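Going line by line, the protein sequences match chains Z and L. According to the UniProt record's numbering, the first sequence is numbered sequentially starting from 1. According to the UniProt record's numbering, the second sequence is numbered sequentially starting from 1.
Keep in mind the hints are simulated off the structure, nothing from the lab. Predicted, not measured: the structure shown is a model, and the values here were computed from it. One or more of the hints may lead you astray.
[Unchecked claim] EDC-like mimics (lysine to aspartate or glutamate), calculated; alpha carbons at most 20 Å apart, straight line:
(1) Z:LYS164 - Z:GLU141
(2) L:LYS37 - Z:GLU55
(3) Z:LYS37 - L:ASP118
(4) Z:LYS38 - L:ASP93
(5) Z:LYS38 - L:GLU55
(6) L:LYS38 - L:GLU9
(7) L:LYS37 - Z:ASP70
(8) Z:LYS37 - L:ASP93
(9) Z:LYS38 - L:GLU89
(10) L:LYS37 - Z:ASP90
(11) L:LYS37 - Z:ASP93
(12) L:LYS38 - Z:GLU89
(13) L:LYS140 - L:ASP81
(14) Z:LYS37 - L:ASP90
(15) L:LYS38 - Z:ASP48
(16) Z:LYS140 - Z:ASP81
(17) Z:LYS37 - Z:ASP48
(18) L:LYS38 - Z:ASP70
(19) L:LYS37 - Z:GLU89
Protein chains: 2
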Amino acid sequence: MPQAVAGPEIERLIQLLGRMPGLGPRSARRAALQLIKKRETLLAPLADAMRVAAERIVVCSSCGNVDTRDPCTICADHSRDPTTLVVVEDVSDLWALERSGAVKARYHVLGGVLSALDGVRPEHLTIARLVERASEPGVKEIILALNATVDGQTTAHYVTESLKPLGLTITRLAHGVPVGGELDYLDEGTLTAAIRSRTVF
Amino acid sequence: MPQAVAGPEIERLIQLLGRMPGLGPRSARRAALQLIKKRETLLAPLADAMRVAAERIVVCSSCGNVDTRDPCTICADHSRDPTTLVVVEDVSDLWALERSGAVKARYHVLGGVLSALDGVRPEHLTIARLVERASEPGVKEIILALNATVDGQTTAHYVTESLKPLGLTITRLAHGVPVGGELDYLDEGTLTAAIRSRTVF
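One chain only, chain Z, in its complex shape (with noise of 0.2 Å):
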């Protein structure tokens, strides 16, 4: 282990920095460094965000969004599309969703996707969550947002039937050629997908 060159204090910042996504011990000390040049403009804006995040984010008890609010911004936002319930696996996809602007509805956050390697079961997910509010009245379509891995489609499968009863319309998200994406690269999953779904130009 590298002995400690700088008192405890920028030794523990340095030490929590590498436990981030994305920064290694190496990049740590680089970041600890940095943020300690720009104490005023970044450091302490940093913190305080990072305290205020800490003390205030709660996880939404309808969907499982994050947010400093239960029920968060987009569940108590009643402009949204009361008769769609959008399915995700993680808060990363409901944020990229959000980002596209594609969907005015609201979400349900799975936590996860069913993976019998990982252990992850039904009842490890917010499936129960998930038919309960399906079941609620107005409810129209649920769309399936998973990931297009094996396991995302798993888990869309054991979705599906879970919802079946309730008798609501169950989409899922195209499969094809993403936008700006050349054939070239593309897997032969993907463009039979593609050729399937063609659409009239």
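Given the structure of chain Z, go ahead and fit chain L onto it with the hints provided.
Showing chain L alone in chain Z's frame:
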């Protein structure tokens, strides 16, 4: 610009994280989400460590190191060789040398290198303070541990000229093959230096 999705507190956290070195807008969002998920074990301690650092870290008025005390831990360490000063460009270089444990002396952080291109002139660096410290009784050797770049070497020459009247021994780091390095990947300049400074085996 992507729209805000999760309240101003999280947006602010993401925005500030994105200004950290090594994190872009996308990785800042991922980092924010990971931090929120590890609220108790990482986010709160990191906020605290940053606050402590922001409040307590000072630049050592003697050597330019950053620490929570002035003079810094290294300058205040009486077990260090008082005859030698190691001149470095930046605190990160000081940390690197301390980790190596190669020298138990005091340092002098120049705060950069001379650069005509970037308009860094001698008065922007702590060269005057270095001459002052080098004049103190007992100092015998100045080790120039500057980067082996053009600007680093220009600075080394300038510093050497500034220190010449004091009649001290001025040394610089050896050039050669890095330990574990493969000759095939080294540039000609390094190989030439390694041949010239070859040692008896």
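Status of each hint after checking the structure:
no.: 1; hint: Z:LYS164 - Z:GLU141; verdict: 12 Å, holds
no.: 2; hint: L:LYS37 - Z:GLU55; verdict: 13 Å, holds
no.: 3; hint: Z:LYS37 - L:ASP118; verdict: 19 Å, holds
no.: 4; hint: Z:LYS38 - L:ASP93; verdict: 18 Å, holds
no.: 5; hint: Z:LYS38 - L:GLU55; verdict: 12 Å, holds
no.: 6; hint: L:LYS38 - L:GLU9; verdict: 17 Å, holds
no.: 7; hint: L:LYS37 - Z:ASP70; verdict: 16 Å, holds
no.: 8; hint: Z:LYS37 - L:ASP93; verdict: 15 Å, holds
no.: 9; hint: Z:LYS38 - L:GLU89; verdict: 18 Å, holds
no.: 10; hint: L:LYS37 - Z:ASP90; verdict: 11 Å, holds
no.: 11; hint: L:LYS37 - Z:ASP93; verdict: 15 Å, holds
no.: 12; hint: L:LYS38 - Z:GLU89; verdict: 18 Å, holds
no.: 13; hint: L:LYS140 - L:ASP81; verdict: 10 Å, holds
no.: 14; hint: Z:LYS37 - L:ASP90; verdict: 11 Å, holds
no.: 15; hint: L:LYS38 - Z:ASP48; verdict: 17 Å, holds
no.: 16; hint: Z:LYS140 - Z:ASP81; verdict: 10 Å, holds
no.: 17; hint: Z:LYS37 - Z:ASP48; verdict: 17 Å, holds
no.: 18; hint: L:LYS38 - Z:ASP70; verdict: 19 Å, holds
no.: 19; hint: L:LYS37 - Z:GLU89; verdict: 14 Å, holds
When held up to the earlier numbered hints, the structure conflicts with none and fits them all.
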